Amino acid sequence: MKWLAAIALLSACHRAPKLGTRTVTDGLGRSITVAHVQRVISLAPSSTEIIYALGAGDRVVGVDRYSDWPEAARKVTQVGTDMEPSLERMVTLHPDLVLVATTANAQRAVDNMAAVGLSVYVSRTDSLEQIFTDIEGIGRALERTDAATALVAALRARVAKVPVRAPPIPCAIVVWPAPLVVAGRGNHVDDLLRVAGCRNVVDDGSQPFPTYSTERLVKKAPEVVFVGTHATGAPSLDPLLALDSIPAVKNHRVHTIDGDLLFRPGPRVVEGIEALARLLP
Amino acid sequence: MSSLRPRWTRAAVVRLALLLGLGVAIVLAGASLVGVEHVSLLRALRDPGSDDATILFRARLPRVLLAALIGAALAPSGVAFQALLGNPLADPYVLGVSGGAAAAGTAALVLFGAGGLSSALVLPMSAFAGALGAVALVLVFGRVRGVLVPTVALLAGVVLNALMSAIIVGIRVVARPSAAHEALYWLSGSIQPAQPIALLALAIYVVVSLVVLQRNAVAMNALTIGGEAAEALGVDVARTRRTIFLCASLLTGGAVALAGPIGFVGIVVPHTLRLLVGSDHRALLVASALGGAVFLVFADTLTRMSFLVIGVEPTVGVLTALIGAPFFLVLLRQRGLGGASL
Numbered sequence: 001m002k003w004l005a006a007i008a009l010l011s012a013c014h015r016a017p018k019l020g021t022r023t024v025t026d027g028l029g030r031s032i033t034v035a036h037v038q039r040v041i042s043l044a045p046s047s048t049e050i051i052y053a054l055g056a057g058d059r060v061v062g063v064d065r066y067s068d069w070p071e072a073a074r075k076v077t078q079v080g081t082d083m084e085p086s087l088e089r090m091v092t093l094h095p096d097l098v099l100v101a102t103t104a105n106a107q108r109a110v111d112n113m114a115a116v117g118l119s120v121y122v123s124r125t126d127s128l129e130q131i132f133t134d135i136e137g138i139g140r141a142l143e144r145t146d147a148a149t150a151l152v153a154a155l156r157a158r159v160a161k162v163p164v165r166a167p168p169i170p171c172a173i174v175v176w177p178a179p180l181v182v183a184g185r186g187n188h189v190d191d192l193l194r195v196a197g198c199r200n201v202v203d204d205g206s207q208p209f210p211t212y213s214t215e216r217l218v219k220k221a222p223e224v225v226f227v228g229t230h231a232t233g234a235p236s237l238d239p240l241l242a243l244d245s246i247p248a249v250k251n252h253r254v255h256t257i258d259g260d261l262l263f264r265p266g267p268r269v270v271e272g273i274e275a276l277a278r279l280l281p
Numbered sequence: 282m283s284s285l286r287p288r289w290t291r292a293a294v295v296r297l298a299l300l301l302g303l304g305v306a307i308v309l310a311g312a313s314l315v316g317v318e319h320v321s322l323l324r325a326l327r328d329p330g331s332d333d334a335t336i337l338f339r340a341r342l343p344r345v346l347l348a349a350l351i352g353a354a355l356a357p358s359g360v361a362f363q364a365l366l367g368n369p370l371a372d373p374y375v376l377g378v379s380g381g382a383a384a385a386g387t388a389a390l391v392l393f394g395a396g397g398l399s400s401a402l403v404l405p406m407s408a409f410a411g412a413l414g415a416v417a418l419v420l421v422f423g424r425v426r427g428v429l430v431p432t433v434a435l436l437a438g439v440v441l442n443a444l445m446s447a448i449i450v451g452i453r454v455v456a457r458p459s460a461a462h463e464a465l466y467w468l469s470g471s472i473q474p475a476q477p478i479a480l481l482a483l484a485i486y487v488v489v490s491l492v493v494l495q496r497n498a499v500a501m502n503a504l505t506i507g508g509e510a511a512e513a514l515g516v517d518v519a520r521t522r523r524t525i526f527l528c529a530s531l532l533t534g535g536a537v538a539l540a541g542p543i544g545f546v547g548i549v550v551p552h553t554l555r556l557l558v559g560s561d562h563r564a565l566l567v568a569s570a571l572g573g574a575v576f577l578v579f580a581d582t583l584t585r586m587s588f589l590v591i592g593v594e595p596t597v598g599v600l601t602a603l604i605g606a607p608f609f610l611v612l613l614r615q616r617g618l619g620g621a622s623l
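The listed protein sequences derive, respectively, from chains D and R. Under my numbering, the first sequence is numbered contiguously, ending at residue 281. Under my numbering, the second sequence is numbered contiguously, ending at residue 623.
Keep in mind that the hints were calculated from the coordinates and are not lab data. Since the model is a prediction, treat every value here as computed from it, not as a measurement. Yeah, the Cβ is synthetic: ideal placement off N, Cα and C, and Gly gets one too. Hints may be right or wrong, so weigh each one.
Label pairs and their calculated CB-CB ranges [as the list claims (entries may be wrong)]:
#, chain 1, residue 1, chain 2, residue 2, range
1, D, 271, R, 607, 31 to 41 Å
2, D, 158, R, 455, 45 to 55 Å
3, D, 208, R, 290, 54 to 64 Å
4, R, 450, D, 78, 52 to 62 Å
5, R, 455, D, 241, 26 to 36 Å
6, R, 310, D, 72, 57 to 67 Å
7, R, 290, D, 83, 26 to 36 Å
8, D, 72, R, 523, 19 to 29 Å
9, D, 199, R, 477, 47 to 57 Å
10, R, 315, D, 158, 47 to 57 Å
11, R, 523, D, 208, 48 to 58 Å
12, D, 279, R, 330, 50 to 60 Å
13, R, 615, D, 32, 58 to 68 Å
Covered, in the sense of this in silico footprint (three residues per stretch, anywhere, with C-beta under 8 Å from a C-beta of chain R), are these stretches of chain D [to be verified]:
#, stretch
14, 137 to 149
15, 218 to 226
16, 236 to 249
A partial selection of chain R residues facing chain D, derived with a Cβ cut-off under 7 Å [unchecked claim]:
#, residue
17, 310
18, 314
19, 319
20, 321
21, 325
22, 328
23, 332
24, 336
25, 471
26, 474
27, 477
28, 592
29, 593
With the sequences and hints as input, model every part of the structure.
Right under this line is the structure:
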């Protein structure tokens with residue numbers, strides 16, 4: 001009887017594509033086969049915001065502890081932090097799909113989810129264009145393709161209304177004032193700055209969010225400095241305001257801006273771009 | 282026994298302090314002129330609105346001064362712990378005292394934030410309390426049948442250090458995300474421009490502790506040859522230990538409150554200086570304070586400069602550990618854990 005069970009197990013493993021299943025490609029280019037996705041777990045605030053924006057919020061059965069927008073997401077079962085989610089809690093929620101983001105989740109956590117048989121969709125969003133692609137990809141996975149197309153079109157229309165600045169204005173985005181952490185190259189925040197009409201003065205180095213030299217920032221002479229605020233309010237700007245030969249400091253153009261609009265690669269980045277553009281001289 | 286010989290007269294100590302003080306001044310000036318960006322001192326002085334002035338006086342100098350103060354706190358605190366525990370390898374970082382201060386500081390940071398008064402008073406006092414608690418635990422668990430055993434005390438410190446790191450990580454996990462970010466530097470020390478009021482407060486803590494320690498220097502000399510022998514020489518051992526305990530904890534707490542736990546300064550500096558000025562605490566304390574300032578300013582300058590090579594600024598704690606850990610191992614090899622001769 002044992003061999004019979006073994007064969008049954010083997011054939012169960014070798015799943016033929018079932019009727020009604022679809023293959024979607026995620027941000028890493030991996031093909032994921034999903035059926036009708038009724039239960040979703042989101043492990044990144046950006047993914048959560050995308051699901052709700054696509055009108056699929058009622059399918060969210062679990063979120064990471066930083067997913068706090070929209071308000072309804074706060075009432076969903078939490079499955080832990082983005083880096084160390086609770087696999088057990090996730091398994092018992094029986095999700096059809098788990099959404100994770102390269103910006104928020106560790107590769108190891110993704111591997112662990114796959115190992116317990118969870119379907120994982122990984123978002124990769126290093127530019128505004130990739131955020132749009134991601135919205136469409138999640139839309140396909142959730143069978144909300146039309147909503148996704150409409151949302152992206154609406155977002156593109158808003159972006160198109162942002163005035164083009166020639167030449168672009170030298171800016172910097174400060175993630176944290178002390179130790180000084182800034183947005184560098186190769187991340188979506190850099191791209192948001194560009195679209196808003198800025199030139200990111202932090203153009204050296206390869207790290208997306210480097211701990212930066214204060215002296216170098218002075219020399220880079222940004223005209224405008226944006227400081228991202230966090231859930232609990234703005235960090236102290238004193239260390240920045242002391243650097244008063246920076247044009248942005250001299251001309252009172254150090255602005256705080258809701259960090260969630262910039263640092264979460266979801267639909268609200270367009271709101272972020274509009275906020276950045278409004279604050280430009 | 283040579284340490285009891287009154288070689289270091291008051292005048293000799295003053296001469297040493299002046300000489301080293303001059304050295305510190307030179308190093309501070311030198312470190313202020315070195316950095317990622319080239320600046321002209323002349324332009325900085327002439328035009329207060331220039332980039333040169335901003336970089337020099339707003340970005341570099343406050344950081345150099347803070348590094349000097351932290352070094353001047355941590356190195357003598359190492360000397361004090363070495364005398365207190367009769368162990369050459371004692372150091373606020375190794376003993377978990379920095380860790381205790383950092384854990385209490387993290388808790389205070391999460392509860393009260395890092396505003397002006399908080400950074401000058403609440404954080405240092407919480408860190409001080411954490412340091413006191415950690416030393417007390419080391420002293421309790423470092424005893425075997427009522428006698429302080431240096432090796433056991435050091436091991437207790439190592440375990441305490443691990444516990445404190447776990448507590449800091451734990452606080453970060455349960456704290457709000459942004460507080461967690463703020464608490465990052467409590468895990469690895471980093472010199473960041475501090476508010477003037479916090480700098481002033483640290484300066485006061487350092488000066489007061491150093492003056493009190495210096496007044497107990499002769500008693501500390503006696504302690505290093507053992508509690509009983511010191512008792513025989515007429516030293517109030519219990520009182521001296523209590524004083525050292527408080528001063529060393531205040532030094533560590535004050536430093537950790539502003540820069541997080543920076544390791545090995547209390548090992549590298551005192552041992553190097555023992556080779557130069559000897560083991561007499563009258564000279565060693567002064568020399569360590571000034572030598573600690575030089576060492577940490579040097580390490581922080583390297584930290585700043587490494588931006589040019591790797592494109593990011595590491596924390597200074599990384600650098601002092603890279604220098605200090607091998608130093609510690611060599612010391613361990615030469616002196617051994619048990620043979621606690623200073």
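Checked hints:
1. 271(D) to 607(R): 31 to 41 Å: violated, 52 Å
2. 158(D) to 455(R): 45 to 55 Å: violated, 38 Å
3. 208(D) to 290(R): 54 to 64 Å: Cβ of residue 208(D) to Cβ of residue 290(R): about 60 Å, so the range 54 to 64 Å holds.
4. 450(R) to 78(D): 52 to 62 Å: violated, 20 Å
5. 455(R) to 241(D): 26 to 36 Å: holds, 32 Å
6. 310(R) to 72(D): 57 to 67 Å: Because 60 Å falls inside the window, the suggested range holds.
7. 290(R) to 83(D): 26 to 36 Å: Hint violated: Cβ distance 60 Å, outside 26 to 36 Å.
8. 72(D) to 523(R): 19 to 29 Å: At roughly 59 Å between Cβ atoms, residue 523(R) and residue 72(D) fall outside 19 to 29 Å, so the hint is violated.
9. 199(D) to 477(R): 47 to 57 Å: violated, 34 Å
10. 315(R) to 158(D): 47 to 57 Å: The hinted range 47 to 57 Å holds for residue 315(R) and residue 158(D), with Cβ atoms some 48 Å apart.
11. 523(R) to 208(D): 48 to 58 Å: holds, 51 Å
12. 279(D) to 330(R): 50 to 60 Å: violated, 24 Å
13. 615(R) to 32(D): 58 to 68 Å: holds, 60 Å
14. 137 to 149: violated (count 0)
15. 218 to 226: holds (count 3)
16. 236 to 249: holds (count 8)
17. 310: violated, 17 Å
18. 314: violated, 12 Å
19. 319: violated, 9 Å
20. 321: Result: violated, 13 Å to nearest chain D Cβ.
21. 325: violated, 10 Å
22. 328: At 9 Å from the nearest chain D Cβ, residue 328(R) fails the 7 Å test, so the hint is violated.
23. 332: With a closest approach of 5 Å, the residue 332(R) hint holds.
24. 336: This interface hint holds because 5 Å falls under the 7 Å limit.
25. 471: Since chain D brings a Cβ to about 6 Å from residue 471(R), closer than 7 Å, the hint holds.
26. 474: With a closest approach of 5 Å, the residue 474(R) hint holds.
27. 477: violated, 10 Å
28. 592: holds, 3 Å
29. 593: With Cβ-Cβ at 4 Å, under 7 Å, it holds.
In the structure shown, a violation is registered for the earlier hints numbered 1, 2, 4, 7, 8, 9, 12, 14, 17, 18, 19, 20, 21, 22 and 27, in ascending order.
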